[in-house]
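There are 2 protein chains.
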Amino acid sequence: MIIDCHGHYTTAPEPLGEYRETQKAALANDPATVGSKGSVEISDEQIRHSLEGAQLRLQRERGTDLTIFSPRASWMAHHVGNEHTSKFWTQHTNELIRRVCDLYPQNFAPVCALPQSPGVDMTTSVAELRRCVEEMGFIGCNLNPDPSGGWWTGKPLDDESWYPLYETMVDLDVPAMVHVSSVCNENFHATGSHYLGADTTAFMQAMTSGLFERFPTMRWIIPHGGGAVPYHWGRFKGMAEDSQLKADAGTGPRFSTVEQLLNNIYFDTCVYHQPGIDLLTSVIPAKNILFASEMVGAVRGIDPESGEYYDDTKRYVEAALLTVDERQLIFEDNARRVFPRLNDYLDEVSYE
Amino acid sequence: MIIDCHGHYTTAPEPLGEYRETQKAALANDPATVGSKGSVEISDEQIRHSLEGAQLRLQRERGTDLTIFSPRASWMAHHVGNEHTSKFWTQHTNELIRRVCDLYPQNFAPVCALPQSPGVDMTTSVAELRRCVEEMGFIGCNLNPDPSGGWWTGKPLDDESWYPLYETMVDLDVPAMVHVSSVCNENFHATGSHYLGADTTAFMQAMTSGLFERFPTMRWIIPHGGGAVPYHWGRFKGMAEDSQLKADAGTGPRFSTVEQLLNNIYFDTCVYHQPGIDLLTSVIPAKNILFASEMVGAVRGIDPESGEYYDDTKRYVEAALLTVDERQLIFEDNARRVFPRLNDYLDEVSYE
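Protein chains in written order, with the working numbering: chain A, 82 to 433; chain B, 82 to 433.
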């Protein structure tokens, strides 16, 4: 079985976008508007239509089985409006993911977005995570380390303000993919620099803070192959080791070692060329790599050199120097271990 | 000959730091203080002492010849104080680099910092670049794409406000290494996430803007192996290709292709493990790679697995699958081509 741990509903039917535009129009009139949840009218037929020619077709063509599926990352846009805006919007996007999984339980398993909002505490996010996991069978969440949308005005991920969310993740035994959203700082391009920069930033926040000593069973997936981290693995390993010497000498803080971080941090395979996947799989232990493509996502074209889709990452993983057992970990077993609720989910699906 | 294109004076004698503390104390009293340049009293003996046991010893031990040397990157700190602060400080740090090169012309060639300051135009930076190149024989500059120190509140590198600097670089035929400094946003770790994120960001700003069509002879070195770029080369190549289709269809902007960007952008080899260098050299053409170690820099320790310094990047380049000609490009010829003034500099040095 091949599980793709990273797919977003990037092809959601138009009424979802129209709902968002209505929210923005109300915010233009009154940035503090509360509004109401209202409704998003989307038929099952529209959902089927949005997926059949895209994600479902690509699953069939590429030979992947299940996609762990969440709301469109760039549309989470936690910086838009206020906490009420984010709450209503996120609830709708999560409910739509649930409907996708009800229609295609063999093809998708649900992961939720969180209704984060800059400067707002985790109460609403904790409630939505509980609702999604306990009432709607979700198996994980996406956590935005920068709800300000590229201004990085919030607190780093080791700040105590995040703890209620982490405690809930631990309690529910669900992991988080640490994934930013769209960007409103013109210095960054969302999928080109902001995503990759945030991935690296999250890893470094974990390293410098010792966060996982406090939450030893919490699990993070750092997407997009871990940003710059595996490419610079010697840099991160060396910085962590340098810090041990400094800490022993009383001249600096003690970082977590990369070996310690690999008890809690996983990388996906959203790296869109063979040399990148070769590096990832040669540097990071197979037990810490989860297969993923993020299709339909940031790169939708075909590589003129290979004639294959850039984001058909299954090809690269198959071509990488891995043992059969390692490939089994990456394609299936790690996903089941990192998302334990996936096992029950799959047991309930009459999988052939 | 082996030229290391990326070294900073990280071991500068104490009086330099004391000068900076005096500046900061004056700023604490009055953030708008103008002050005066004053002096930094450092003897030749102090300079020799600061280098003999560090950069010069490591050059000898590792078998590298010349380091292209600039003021300490993390100390540029353009966010400290105002334009006067930055101007006086940067002049001193550049003058100290000149003294290093006067003492050890066979070992170091000078690159200058620029007296950037958040929200301040390029006039002072252009003047300092001209002074350094025309009066003091410098061969290049370091350009900070985020003088706000991790808040990214300035304009991206394609903004017209940068053009006077680019025009001067082109006129003087000197390249820029695009290199951020220390960070005052607690979300980022300077050498761990800020440096690498900024490298990727600069590349993406160049790609999305078509900047090099306007400055076709300008040259940038993106340090730290290009941040995340080579690891995600398929992603960047694919995004650029996607944009051509969108532009043809009138549905999006046209990005520069990666092939176009490689007419102007170079990557250094500050990647501190063999798999990273192997990836870099397999993905990026040898003509676009410049040897560098950034020693003494972000990672100072010895890899317990190899028993060698993490930042002894010469070993990795020597072990990479490269032809003799490619290695010659990376170790010497590219540096002479990207820094044309280096040739005259070396001609004047009685090199053995």
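Don't take each hint at face value.
Straight line, CA to CA, 30 Å or less: simulated BS3-like cross-link-like pairs of lysine-lysine [as the list claims (entries may be wrong)]:
#1 Lys-395/A - Lys-236/A
#2 Lys-236/B - Lys-236/A
#3 Lys-327/B - Lys-118/B
#4 Lys-236/A - Lys-105/A
#5 Lys-105/B - Lys-236/A
#6 Lys-236/B - Lys-395/B
#7 Lys-105/A - Lys-236/B
#8 Lys-236/B - Lys-395/A
#9 Lys-395/B - Lys-327/A
#10 Lys-105/A - Lys-327/B
#11 Lys-118/A - Lys-105/A
#12 Lys-105/B - Lys-327/A
#13 Lys-236/A - Lys-327/A
#14 Lys-236/B - Lys-327/B
#15 Lys-368/B - Lys-395/B
#16 Lys-395/A - Lys-368/A
#17 Lys-105/B - Lys-118/B
Only some residues are given here: those of chain A computed to face chain B with a beta carbon under 10 Å [stated by the list, open to error]:
#18 Thr-114
#19 Arg-138
#20 Phe-169
#21 Trp-233
#22 Pro-356
Calculated from the structure, these hints are not laboratory results. All C-beta atoms, glycine included, are put in the ideal place defined by N, C-alpha and C.
Each hint tested on the structure:
Proximity of Lys-395/A to Lys-236/A is assessed by CA-CA distance (about 36 Å); at most 30 Å being required, the pair is judged violated. Under the criterion of a C-alpha separation no larger than 30 Å, the hint pairing Lys-236/B with Lys-236/A is consistent with the structure, at around 24 Å. Taken as a hint, the Lys-327/B and Lys-118/B pair is broken in the structure, with Cα atoms around 52 Å apart against an allowance of 30 Å. Straight-line distance between C-alpha atoms of Lys-236/A and Lys-105/A comes to about 26 Å, which keeps the hinted pair within the 30 Å bound.
Taking the CA atoms of Lys-105/B and Lys-236/A, the gap is near 26 Å; set against the 30 Å cutoff, the hint holds. Annotation: proposed proximity of Lys-236/B to Lys-395/B is violated, straight-line Cα distance about 36 Å (limit 30 Å). Among the hinted pairs, Lys-105/A with Lys-236/B is consistent with the structure: their alpha-carbon atoms are about 26 Å apart, no more than 30 Å. Only pairs whose Cα atoms come within 30 Å are accepted, and Lys-236/B paired with Lys-395/A is rejected, the gap being roughly 39 Å.
A C-alpha spacing of about 26 Å is found between Lys-395/B and Lys-327/A, which places the hinted pair at or below 30 Å, so the restraint holds. The suggested pairing of Lys-105/A with Lys-327/B holds, with an alpha-carbon distance near 26 Å, which does not exceed 30 Å. For the proposed pair Lys-118/A and Lys-105/A, the alpha carbon gap of about 14 Å is at most 30 Å, so the pair holds. The straight-line distance between the Cα atoms of Lys-105/B and Lys-327/A is roughly 26 Å, inside the 30 Å bound, and the hint therefore holds.
With a C-alpha separation of about 25 Å, the suggested pair Lys-236/A and Lys-327/A falls inside the 30 Å cut-off, and the hint holds. This hinted pair checks out: Lys-236/B and Lys-327/B have alpha carbons roughly 25 Å apart, not beyond 30 Å. With a CA separation close to 17 Å, the supplied pair Lys-368/B and Lys-395/B stays within the 30 Å bound. The suggested pairing of Lys-395/A with Lys-368/A holds, with an alpha-carbon distance near 17 Å, which does not exceed 30 Å.
Proposed proximity of Lys-105/B and Lys-118/B is supported: the alpha carbons are some 14 Å apart, at most 30 Å. Annotation: interface hint on Thr-114/A violated; nearest CB of chain B at approximately 28 Å, more than 10 Å. Taking 10 Å as the C-beta contact cut-off toward chain B, the hint placing Arg-138/A at the interface is violated, the least distance being around 19 Å. Interface restraint check for Phe-169/A: the shortest CB-CB distance to chain B comes to about 28 Å, outside 10 Å, so the restraint is violated.
Hint status for Trp-233/A relative to chain B: holds, with the closest Cβ pair at about 5 Å, below 10 Å. Among the interface hints, the one on Pro-356/A holds; its C-beta lies about 5 Å from the nearest C-beta in chain B, closer than the 10 Å criterion.
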